[in-house]
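Peer 1: Sequence:
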Amino acid sequence: MDVEKAIGGSLQHPFGFIGFLQFDRGGEGSGPMRIELWQAGGYPTVLQHAPAFMQDVDLRETILSHVAGASFYGSPSIECLNYLERGLGTELIRFNKSITRRMIASPYVERFGPQLRSPRGTIVVCLYGKPEFFFVQNCLYAGLPGIEDYEFVYVSNSPEMAETLLREARSADLIYGLSNSIVILPGNAGFGAANNVATSVARSDRLLVVNPDVFPRDPDWAKKHTDLLRSVPADQSRLFGVPLYYDDGSLMHGGMYFEIDVGISLSGGQPMPARLCRTQHYGKGSPAGSLQFNQSRPVPAVTGAFISVERSWFEHLGGFTEDFIFGHYEDADLCLKSIAKGTAPWIHDIRLWHLEGKGSTRRPHHEGGSIVNRWLFSNTWMSAIEDGLIGPAPTHMLLQESAAPTPLASIDNQTKRKVVMHKRVS
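Under the working numbering, the first residue of the sequence shown carries the number 555, and numbering increases by one thereafter.
Just so you know, the hints here were simulated from the structure itself, not pulled from any lab data.
This structure is a prediction, so every number in the text was calculated from the model and none was measured.
Heads up, the beta-carbon is just placed ideally off N, CA and C, and yes, glycines get one too.
A hint or two may mislead.
Unchecked claim - Listed next, with one range per pair, are the computed distances between beta-carbon atoms:
id : residue 1 : residue 2 : range
1  : D903      : E714      : 36 to 46 Å
2  : G596      : S937      : 32 to 42 Å
3  : G843      : K559      : 33 to 43 Å
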């Protein structure tokens with residue numbers, strides 16, 4: 555829009571561009587750079603520009619903030635998609651992976667509390683920006699039936715929190731006596747890579763990926779989890795999620811399903827359709843009494859706020875995909891990888907609280923990462939989702955073992971309005 559203002563035009567037009575290119579080895583750093591811009595008609599424009607030098611992490615935040623804040627002629631999500639398709643998306647992912655690999659190469663690990671030789675499960679929690687959730691979780695999980703059979707592994711994407719976490723881990727050991735391991739990374743490696751590192755520290759055959767803002771609603775949740783693993787068929791416990799509730803008692807998550815948004819792109823001069831995948835939550839916002847969303851059943855996906863997965867299956871799937879930037883869509887991606895390998899995710903009735911969005915800090919570059927992630931997820935899984943995985947009543951054969959409830963049709967009109975109002979657009 556700054557170009558429109560500068561030339562004093564009366565019509566809107568898709569002026570401007572955004573691009574990014576990483577060179578593995580930099581060129582000369584002295585003096586201005588000569589930049590040539592070539593138009594489609596073969597006319598070049600030559601500019602002289604003095605480059606600004608910064609660390610790669612700062613550069614990652616800068617370009618992703620530009621992606622998040624760019625104004626477009628038309629729908630921002632759809633028009634930005636076009637730029638990502640032209641090479642920007644692939645280059646951003648490649649650049650981010652080079653940073654991530656360095657950050658996860660040599661994590662610092664320190665253990666506290668009783669060292670369980672063979673715990674029933676490892677609760678893996680990824681922290682970013684808010685160290686206080688470590689102590690709060692230790693307080694609320696300690697002393698509950700069956701928790702003594704579990705260990706905790708906290709992995710921090712915020713190195714500036716290291717001293718605080720290690721100090722509080724020593725205090726928590728004296729007060730609560732849980733088995734805790736603290737993993738410190740030198741920067742933000744993202745949700746997927748950080749959790750993958752944490753699983754290498756785990757000492758059990760069962761991984762529970764849990765957000766820092768998830769707390770027990772069922773006091774005996776750990777015992778229920780252990781009993782469930784003993785009682786249900788392997789294909790129903792290999793990867794599953796649980797009902798999560800907001801602090802007002804309404805349902806946040808009863809499993810996830812997929813929708814496809816179709817928008818119109820105007821960048822090519824003619825209106826053209828463009829498509830993006832989106833995740834939805836079964837029963838989101840419905841009252842706690844809507845127990846049809848709690849019944850055990852296969853679902854297309856479960857949220858990364860709580861995933862219980864057999865460790866060998868997690869490793870067979872390659873863990874969380876580390877192509878995603880910071881966080882978003884790793885959970886749905888893992889579930890679709892599982893379906894592709896022949897096992898559907900399940901929901902089982904073990905209830906926890908989730909203070910959604912409270913466990914970390916969001917900044918503009920995180921929003922830019924989420925835009926890239928949605929593009930990557932759509933490119934990767936669009937055809938698979940179209941093959942029987944669209945909507946709340948998917949037809950995929952792995953999801954037919956038990957009929958999943960239709961999230962809106964099975965509840966009364968008042969609840970229906972509430973669910974619609976609380977729909978989440980990822």
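Peer 1: Confirm or reject each hint.
Peer 2: These are the hints, each one checked on the structure:
| no. | hint | verdict |
| --- | --- | --- |
| 1 | D903 <-> E714: 36 to 46 Å | 39 Å, holds |
| 2 | G596 <-> S937: 32 to 42 Å | 37 Å, holds |
| 3 | G843 <-> K559: 33 to 43 Å | 55 Å, violated |
Figure legend: structure checked against the earlier numbered hints; the only hint not met is number 3.
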